[in-house]
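Asker: As a plain string of letters, each chain reads:
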Amino acid sequence: MADEPHSQLLPAQAPIVGGRHDFATVTDKISSVVLTQKTPRGWFVAVAFSASLMLMLFFSLAVLVTKGVGIWGINIPVAWGFDIINFVWWIGIGHAGTLISAILLLLRQEWRTSINRFAEAMTLFAVSCAAIYPLFHTGRPWLAAYWLMPYPNTMGIWPQFRSPLIWDVFAVSTYATVSALFWFVGLIPDLATLRDRARNPLLARAYGILAMGWRGSARHWHNYETAYLLLAGLATPLVISVHTVVSWDFAVALLPGWHATIFPPYFVAGAIYAGFAMVLTLAIPLRKAYGLEDFITLRHLENMAKVMLATGLIVAYGYTMEAFMAWYSANPLETFMIWNRMTGPYASMYWALIFCNVVAPNTLWVKNLRTNVPYLFFISLVVSVGMWLERYVIIVTSLHRDFLPSSWGMFQGTVWDWSTYIGTIGLFLTLLFLFLRFLPAISIFEMRTLLPGAEMKEPGQ
Amino acid sequence: MKAPVRPPIHGLMAEFSTPQDVVAAAHKVHEAGYRKVDAYSPYPMEALSEALDFHHSPLPKLVLAGGILGGLGGYALQYYTSVIAYPLNIGGRPLHSWVSFIPPTFETTILGAALAAVFGMLALNGLPEPYHPVFNVPSFALASRDRFFICIEATDPKYDHDETWRFLVGLGARAVSEVEH
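Line order of the protein sequences matches chains F and B. For the first sequence, the residue numbers in the numbering used here are 1 to 461. For the second sequence, the residue numbers in the numbering used here are 462 to 642.
I should point out that these hints are in silico values taken from the structure, not numbers from a laboratory. Here a beta-carbon is modelled for each residue, glycine too, at the ideal position from N, C-alpha and C. Wrong hints could be hidden among the right ones.
[Unchecked claim] Derived Cβ-Cβ restraints for the label pairs, each shown as a range: (1) B:K489 x F:A310: 44 to 52 Å; (2) F:V366 x B:K489: 40 to 48 Å; (3) B:A636 x F:I209: 28 to 36 Å; (4) F:H259 x B:S558: 16 to 24 Å; (5) B:F596 x F:D22: 38 to 46 Å.
[Stated by the list, open to error] Here are a few chain F residues that face chain B, going by a calculated C-beta distance under 7 Å: (6) G216; (7) S217; (8) A227; (9) S241.
[What the hints assert, rightly or not] Which stretches of chain B does chain F cover? Using the computed rule of at least three CB atoms under 8 Å from a CB of chain F, they are: (10) 473-484; (11) 489-497; (12) 540-550; (13) 616-622; (14) 626-634.
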């Protein structure tokens, strides 16, 4: 592609925007997915499938509130089962969206532009799925209002702020709010584009209401850019704090396998790792189905693979340190915990996790594999499974054999555990497909800034 | 409120097809002394804001205030909850155990600052704004696609319909049109 003018932007590297595009074609191409292209039949099939899974989630939750949490596999000693595994899994997936939209913005990684919008949407939907679990784990989610939120109620009961669980409520609800705001602020100029281009007057009006009268004024852009940059600066420490607080849910407890200072950094790295895997899982079929290969190029996929490799290595370091500290601390309970993980009844899950999260991603050192799209798709699924197994191993193997052998037990997910888990995947996909159909999946105005035509000489010349 | 006598039109709008043209024109408009001016572009252009001398945004101060309020509010909430409203003695630990109040305080700081950033930006921009005269120019719909505009408002003291019109045409605009109210 060296003969194309766009490669001037970044010599010796594949361009961020492939093909020959200008302001008009970028606008038309991305907005056409929403406005003019005929909705592909595959979209209906996909929505029908994922919405069925979503209905299964609603049904499972209905059964849960009717019968109680006893329909899940949780009991003493394993009182945290799929609910917390899946909560951590979903929250972690969400983190890549914020990383892409905020941290990579601050680091001036321009390639992030074409993936940030749908990665942020992914964050929102993943956080929605995550929030279901702790809420329904209470068994009586309608009472959770006064368990979780500090407000003056008639019983005079208030939450306990010395517990990481209430920190988690604040972290996750702030994260959900800020992610939603960040996403919506990013959408405003594109909603204005859709308003101006929609032919259906009803649709134009709907986008018009959402765009709130945005007209691209230079004064407005000035404040807008300031707000966007500040939000990125705020979201960056926020995203790190969220998974840190999630890891404190474990690390503050005195349980071997949880009580470790490595947890916060290793959880944050694991979250980014899982999140990038999910972005790849979504981006690869998306660019194919909607013909967006010019905007989500091989360079994007390769960069994401590199982030996955780097964070995967941090995660591997975390696993190593857990085992090392168990030996080095000479604490018999810690030693037993890691030995039980590696050789006990859940050993197969532990070794599967090591394979998925430590062995498999190391193949990404090879450039040919890193740029092989089907292989990347495959490895991203492997990582998603691996990260789920990681949380399973951390939660279940630490709980099931604690200090007293007389209180040991086993945990197994029931049908309802699985139907709720698969149901949230359905909810996630349904929201995602609706998003793809009604909102621009790629930030149009930010793509315009990347085009060679947008390059400015020094002002005044 | 009775509207003051207002000019018959909102202003004059010049249309440009490239970012370079509009920035060059914006410099000339500013040099010519016009101040009630706005420019419209399909993406944020720092050069354009600079050309029209839009330098100062009070937003960062608002965000700082939002963050401080959020942090103080969050801490005060925890103090009130743990010390006044629901004191629980757990192993003789102090009721005002400030260390464990830090994580939620951090979160509410971020929350306050983020809310200030978003709603402050909207308020400073006067959004939502259901009606604005610039949308009366038919080609203005392209301001969100690939066209650039400069509008000199009729309330500008230097504004003179014919002279400003000629001035805008002289800037190499691809079209100049009247913006009705």
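Asker: Run the structure past the numbered hints and jot down the numbers of the failing ones, going up.
Answerer: 2, 5, 11, 13 and 14
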